[in-house]
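Asks: Spelled out from the first residue to the last, the chains are:
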Amino acid sequence: MTDGGAGSARERLAARQAELLTALVAGGPPPEGFDPVRLRVQRDSLIAKRRGLVARAAPLLVHALDGEFVPLFAGYADGRPKPAGGSAADARAFTAWLEAAGRLPERAPAPAEEARPRWWKRRLRRGRVG
Amino acid sequence: MSSIPRLGVGIGWRPEIDLTVERMAGVDFVEVVAEQLAPRHGLPESLRILRERGMPVIPHGVGLSLGGAEPPRPERLEHLAACAELVDAPLVSEHVAFVRAGDLDAGHLMPVPRTWEALEVVAENVARAQAALPVPLALENVSALLEWPGDELTEERFLAELVARTGVLLLVDVANVYNNQVNFGLSPEAFLDGLPLESLAYVHVAGGYAKDGVWHDTHTRAVPAQVHGVLAELCARVDPPGVLLEWDGDYPSDAALAAELGRIRETTGRARVG
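Just so you know, the protein sequences line up as chains W and V, in that order.
Residue numbers for the first sequence follow our numbering, beginning at 1 and rising by one.
Residue numbers for the second sequence follow our numbering, beginning at 131 and rising by one.
Be aware that one or more of the hints could be misleading.
What the hints assert, rightly or not - Listed below are several chain W residues computed to face chain V (Cβ distance under 8 angstroms; list not exhaustive):
(1) 10
(2) 14
(3) 22
(4) 25
(5) 26
(6) 41
(7) 42
(8) 45
(9) 46
(10) 102
(11) 103
(12) 106
(13) 107
Stated by the list, open to error - Per the computed footprint, the stretches of chain W lying under chain V, defined by three or more beta-carbons under 8 angstroms from a beta-carbon of chain V, are:
(14) 28-38
(15) 75-89
No lab work stands behind these hints: they were computed from the structure.
For every residue, glycine included, the Cβ atom is placed at its ideal position computed from N, Cα and C.
Using the sequences plus the hints, can you model the full thing?
Replies: Listed below in C-alpha cells is the structure:
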C-alpha cells in the first residue's frame with residue numbers, strides 16, 4: 001500500500017465514521033443510507049453503555065439520585081458526547097450538568113468520595129495484614 | 131499459525147467477581163480487560179494469585195480502535211504490550227471495531243464499514259499493532275445493531291482477508307454471530323464456513339436479550355440455547371483451543387456462573403484441560 005493511497009482511504013473512512021458518530025453521540029443528522037430505526041436503537045444502546053460505566057464510577061451519586069438516574073442521564077447524554085478522560089470524567093460532567101439544572105441532590109457525594117476500585121483496597125488491606 | 135496454546139474453558143475476570151473467579155472450580159484460563167489494568171501499579175491481588183497458580187491470563191483490549199481511520203495510538207499499544215508482559219500472556223486480543231472518530235468517543239465497539247478500501251486501512255492498523263506487541267494478537271468479531279450502507283464484503287470475508295494479509299489470529303464470539311443472525315438475518319453456518327478456523331485462538335460465549343426484535347449483546351444474562359447452538363456448529367468444524375464466558379454486570383450467584391461453565395463444557399464435549 002502506498003502512503004498516498006492509504007492516506008486518502010483513511011480520510012474517506014474518517015469522514016464516514018465521524019458522520020456516523022456525530023449522529024449517534026453528538027446530535028448530528030442521520031447519515032444517508034442507514035436504517036433510521038436502527039440508528040435510534042444504536043444511539044440508545046450507546047447511552048445505556050455509558051450510563052452503566054458512570055454508575056460503576058459513581059455509585060454513591062446513582063444511589064443519591066434514587067430512581068431518577070436513568071431519565072436524568074438520558075437527558076444529559078442525548079446529543080452530548082462522552083468527554084475525554086473516560087467514565088470518571090463522564091460522571092463529573094454529569095454531576096456538573098445536574099448542578100446547573102438544579103437537580104443535584106443535597107446528599108450527593110463529592111466525586112472524591114466515590115469508591116476506589118475494590119481490588120486496590122483489597123491489595124492495601126492485605127498489605128497491612130502482612 | 132504454529133503455536134496456538136490450549137486454553138480450555140475460561141471466564142472473563144472482572145473486579146466485581148474477583149473472589150468468585152479465584153475460588154471457582156473448573157476455570158482453566160481468564161481474560162482481563164486491558165484498560166482496567168495499570169501495569170505501573172502491578173497486578174490486582176486476585177489476578178496475582180491466579181498467575182501464581184499458573185493460570186493463563188489474556189489481556190483483552192477494548193480501546194485500540196483498530197477499525198478506526200487513525201492508526202492505533204502508540205500509548206495505547208504500549209499499554210497493551212505492558213499488560214501482556216505483566217501477566218506473561220500467551221496472546222492478547224482486541225476487536226475489529228472502531229470506538230472513536232476524531233474527538234468523538236462512541237464509548238463502545240462500533241462495526242467497521244466493510245469495503246475493500248476500509249480493509250486496507252484496518253489491515254495496516256493491525257500490522258502496526260502486531261509490530262508493537264510482544265505476543266500474537268487475536269481479533270474478535272463484534273455484535274452490531276446497524277449495518278453500513280454500501281458494504282462490499284461479508285463479515286467472514288473481511289475477517290478472512292485480515293487473517294490472510296496480517297497473519298492475525300481469530301477470537302470468534304459465537305454470541306455475536308447469533309446477534310447478527312437475529313439483527314440482520316445472517317446465517318451462522320455461512321459465517322463459520324467462511325472463516326479460516328485454523329487461525330482460531332479462542333471463543334467468546336455470552337448472553338443477552340431481545341427487545342423489539344433486536345438482540346442486545348449485554349453479557350448480563352444466561353447464555354441462551356441458540357448461542358450454544360452456534361458454539362456446537364463451531365465445534366463441528368474445529369476443536370477450539372479455548373472457550374470463555376463473558377459476564378459484565380447483574381452478576382448471578384457463584385453457582386449460576388459455575389453452571390454456565392458446565393454447560394459450555396457439555397456443548398464443547400471436551401474433558402477439562404490440565
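Asks: Run every hint past the structure and note whether it holds.
Replies: Evaluated hints:
The criterion of a C-beta within 8 angstroms of any C-beta in chain V is met by residue 10(W), whose closest approach is roughly 5 angstroms, and the hint holds. A least Cβ separation of about 3 angstroms between residue 14(W) and chain V falls short of the 8 angstroms threshold, and the interface hint therefore holds. Because the beta carbon of residue 22(W) sits about 7 angstroms from the nearest beta carbon in chain V, less than 8 angstroms, this interface hint is met. Contact between residue 25(W) and chain V, as hinted, is supported at the beta carbon level, the nearest pair being about 6 angstroms apart and thus within 8 angstroms.
Residue-level restraint check for residue 26(W) holds (minimum Cβ-Cβ distance to chain V is 6 angstroms; threshold 8 angstroms). The beta carbon of residue 41(W) comes within 5 angstroms of a beta carbon in chain V, closer than 8 angstroms, and the hint placing it at the interface holds. For residue 42(W), the shortest C-beta to C-beta distance to chain V is roughly 4 angstroms, which falls under 8 angstroms, so the interface hint holds. Because the closest C-beta pair between residue 45(W) and chain V is about 6 angstroms apart, less than 8 angstroms, the hint holds.
Given hint, residue 46(W) at the interface with chain V, holds; its Cβ is 6 angstroms from that chain's nearest Cβ, closer than 8 angstroms. Look at residue 102(W): its Cβ only gets to about 27 angstroms from chain V, farther than 8 angstroms, so that hint breaks. Nearest Cβ of chain V to the Cβ of residue 103(W): about 22 angstroms, over the 8 angstroms cut. The hint is violated. With a cut of 8 angstroms, the hint placing residue 106(W) at the interface with chain V is violated, because the nearest CB-to-CB distance is about 29 angstroms.
Annotation: interface hint on residue 107(W) violated; nearest CB of chain V at approximately 25 angstroms, more than 8 angstroms. Coverage of the segment 28-38 of chain W by chain V holds. Counting CB-CB distances below 8 angstroms, 5 residues qualify, and the rule asks for three or more. Interface restraint, the segment 75-89 of chain W with chain V: holds (3 residues with C-beta to C-beta distance below 8 angstroms; minimum three).
Of the numbered hints given earlier, the model fails hints 10, 11, 12 and 13; all others are met.
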